[in-house]
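Trainee: We have chain V already, so just place chain S on it with the hints.
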Amino acid sequence: MARPGWAYRNRESYWLNSYGKPALTLQTLEGLLGDETMTRILRTYARRFRFAHPTTEHFIATVNEVTGQDWRWFFDETFFSSGRCDYAIEAQNERSRRIEGWAEGPDGRLVLHPVEGGDRDDETGPRDSTVTVTRRGEVRMPVDIAVWFADGRRVAESWDGKDRWRRFRYPGAKVVRAVVDPRRRIALDVDPANNVWVEAEGAARRAATKWAARWMFWLQNLLELHTLLG
Amino acid sequence: MRAVLATLGEGFRSVARNWGLVVLLLAVNLGLALLLAVPLTVQLERDLAHRGASVDMMYGFDHDWWSRWAEEQEGFARTFGPDILGTGFAFRNVDLLLRGHLPAGLFARRTRADDAPSDDPVVAIDPAVLALGALYLIAQAFLAGGLLGVFRTPQGGWTFRGLVHGCGFYFARILRVSLLALFLAALVFALNAPLSRWLDERALAAVSETTALALGFGRHALLILVLILVHMLSSYAKVIVVREERQSAALALLSSLGFCARHFFAALGQYLAVIALLVLLLKAWAGVDARLSVSGWTSQLLALALLQLLVLGRIALRLGLLAGQLELNRTRGR
Chain V
1 MARPGWAYRN
11 RESYWLNSYG
21 KPALTLQTLE
31 GLLGDETMTR
41 ILRTYARRFR
51 FAHPTTEHFI
61 ATVNEVTGQD
71 WRWFFDETFF
81 SSGRCDYAIE
91 AQNERSRRIE
101 GWAEGPDGRL
111 VLHPVEGGDR
121 DDETGPRDST
131 VTVTRRGEVR
141 MPVDIAVWFA
151 DGRRVAESWD
161 GKDRWRRFRY
171 PGAKVVRAVV
181 DPRRRIALDV
191 DPANNVWVEA
201 EGAARRAATK
211 WAARWMFWLQ
221 NLLELHTLLG
Chain S
231 MRAVLATLGE
241 GFRSVARNWG
251 LVVLLLAVNL
261 GLALLLAVPL
271 TVQLERDLAH
281 RGASVDMMYG
291 FDHDWWSRWA
301 EEQEGFARTF
311 GPDILGTGFA
321 FRNVDLLLRG
331 HLPAGLFARR
341 TRADDAPSDD
351 PVVAIDPAVL
361 ALGALYLIAQ
371 AFLAGGLLGV
381 FRTPQGGWTF
391 RGLVHGCGFY
401 FARILRVSLL
411 ALFLAALVFA
421 LNAPLSRWLD
431 ERALAAVSET
441 TALALGFGRH
451 ALLILVLILV
461 HMLSSYAKVI
471 VVREERQSAA
481 LALLSSLGFC
491 ARHFFAALGQ
501 YLAVIALLVL
511 LLKAWAGVDA
521 RLSVSGWTSQ
531 LLALALLQLL
541 VLGRIALRLG
551 LLAGQLELNR
561 TRGR
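Chains as they are written, first to last, in my numbering: chain V, 1 to 230; chain S, 231 to 564.
In isolation and in its complexed conformation, chain V is listed as follows:
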């Protein structure tokens, strides 16, 4: 992104790296820093370099100065990288593992734990859950994670996003919805559709039949239009 306009491979590459990606990068920076800090950065930058010819380095120096932190890593990941940014989330609910039958108790003596009858895949039993957040692209960004449980609780997590994945475990709780970057701070995420996981499977089936029926209707009419030419 930080190269002269004439050095791009083609017009599409120039357009993408000069307009689309810089806008999304600055929006992401604003998401991470907050609206107030970003305004101060832009105000300082605009006042300091008005009627001048600032470079990318001048902007990075302004960001570091206003925030009082080193944000070089952010620009290395965005301005000076062609990597993709894509975080995804998956969750799994499993039946809680319990001790059944004879087993050692806390004092070392054998204790009989009751064996529960019925179907082991019973939907009503207690659940252990895992939520896995994956970094599918090369760009590393800190992300927030929000997890909703069947009992109405909500948990907020955070991850520095440096590894390829991070797993969160929730014993005795069933996850119904999990979202990575719930406040949509990472505007650079190329696939926001995989940022949300929902437990309900019925929605996918109903949505699929609804839209496939509509597409089929289009196709039926297209077939019928063929008769005009025969």
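Worth double-checking, as some hints may not be accurate.
[Stated by the list, open to error] From the structure, some residues in chain S lie toward chain V, with a derived Cβ separation under 7 Å: (1) L274; (2) L327; (3) L328; (4) Y366; (5) T441; (6) A442; (7) K513; (8) L534; (9) L537.
[Stated by the list, open to error] The calculated DMTMM-like cross-link candidates involving lysine to aspartate or glutamate, where the alpha carbons are at most 25 Å apart (straight line), are: (10) V:K162 with V:E12; (11) V:K174 with S:E302; (12) V:K21 with S:E302; (13) V:K162 with V:D76; (14) V:K21 with S:E301; (15) V:K162 with V:E138.
[What the hints assert, rightly or not] Below, a sample of chain S positions facing chain V; criterion: calculated Cβ distance under 10 Å: (16) R247; (17) N248; (18) L409; (19) A415; (20) W527.
Keep in mind that the hints were calculated from the coordinates and are not lab data. Since the model is a prediction, treat every value here as computed from it, not as a measurement. Don't be surprised by glycine CBs; every beta carbon is placed ideally from N, CA and C.
Mentor: Below, chain S without anything else, positioned relative to chain V:
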């Protein structure tokens, strides 16, 4: 005008007496469409499973999800997009017709833009969809003889065996008529290409926006009108093949040309009346469709019934026109 209404009225009465034929044609149409719709359903369900977009897609249309999903698609699934919503399907289909993609992409102009891979699902219409269309055209050529044979009998009534016999008996002749009609359509598209270029240049050079729009719409309207005339010739040729037991498709087409020239306004009036009815049907359907919020299974069933009703109505109009043409040829033909 009276002849148009009388013959069309008789045509629709004939269709009403043989309403099972409309259902049969709907079954053929639906059966072919299901060949691609079922795999799409499975794919959509798999791709939406556990996605937050599944809920959004259930209640509305998640454009973000779709745009990302569409980028990854190969084949006929690429043709799924929000432009088929509401009456958008009709505009997309007419657009495909005018660009020459029907049937089987035979008449599409090979420009540099078309050679390059395109993201536009209309331009990049999938070969599977085009092949299905070509198959449908052959199926309709097969059925035409049987249908005309049924409409020829004044008392109505038909059997499946009798229908299939009529279809097989006239199939070769009617297929030849259809191929000749396709050749005429090819000529129309070949002549249309330089005319379109010339009119587009005039439209680009036009000072007034109104002139540019009139030229653009005018050339499309002209193409549709000429295609209707080709269909009229082909349709009356099929009627003549069945009514007069003609062997030669070329002579039947010539006879059809003579008949259409002698009764041009009555023949064209039938088309205009059927198109007007089709527009009314589409408008009524769109009015109901816009008020139906589809999410659960009950509303989905209702929506599906509504969609199929429109296709059924469209097929009934086509058959009504065919029976009306038979009636006009019977009353006015030599």
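Trainee: Would the hint on K513 of chain S be counted as holding, given a Cβ-Cβ threshold of 7 Å to chain V?
Mentor: Where the cut-off is 7 Å and the nearest Cβ of chain V is about 15 Å from K513 of chain S, the hint is violated.
Trainee: Against chain V, run the beta carbon of T441 of chain S and see if the smallest gap drops under 7 Å.
Mentor: Violated, about 29 Å.
Trainee: Does L534 of chain S pass the interface hint, meaning its C-beta sits closer than 7 Å to a C-beta of chain V?
Mentor: Status holds, d = 5 Å.
Trainee: Against chain V, run the beta carbon of L328 of chain S and see if the smallest gap drops under 7 Å.
Mentor: 11 Å, violated
Trainee: Straight-line Cα separation of K162 of chain V and E12 of chain V no greater than 25 Å?
Mentor: Judged against 25 Å, a Cα distance of about 30 Å means the pair is violated.
Trainee: Given the hinted pair K21 of chain V and E301 of chain S, is their alpha-carbon gap at most 25 Å?
Mentor: 18 Å, holds
Trainee: Can L274 of chain S be said to touch chain V, with a Cβ gap under 7 Å?
Mentor: 4 Å, holds
Trainee: Does W527 of chain S pass the interface hint, meaning its C-beta sits closer than 10 Å to a C-beta of chain V?
Mentor: 7 Å, holds
Trainee: Holds or violated: K162 of chain V with E138 of chain V, Cα cutoff 25 Å?
Mentor: 10 Å, holds
Trainee: Given A415 of chain S as an interface hint, is its Cβ closer than 10 Å to any Cβ of chain V?
Mentor: Check passed: Cβ of A415 of chain S comes within 5 Å of chain V, closer than 10 Å.
Trainee: Quick check on the hint: L327 of chain S CB to chain V CB, less than 7 Å?
Mentor: This interface hint holds because 6 Å falls under the 7 Å limit.
Trainee: Does the nearest C-beta of chain V fall within a distance shorter than 10 Å of the C-beta of L409 of chain S?
Mentor: L409 of chain S check passes; min Cβ-Cβ to chain V is 9 Å, inside 10 Å.
In terms of the numbered hints stated before, the structure departs from hints 3, 5, 6, 7, 10, 11, 16 and 17, listed from lowest to highest.
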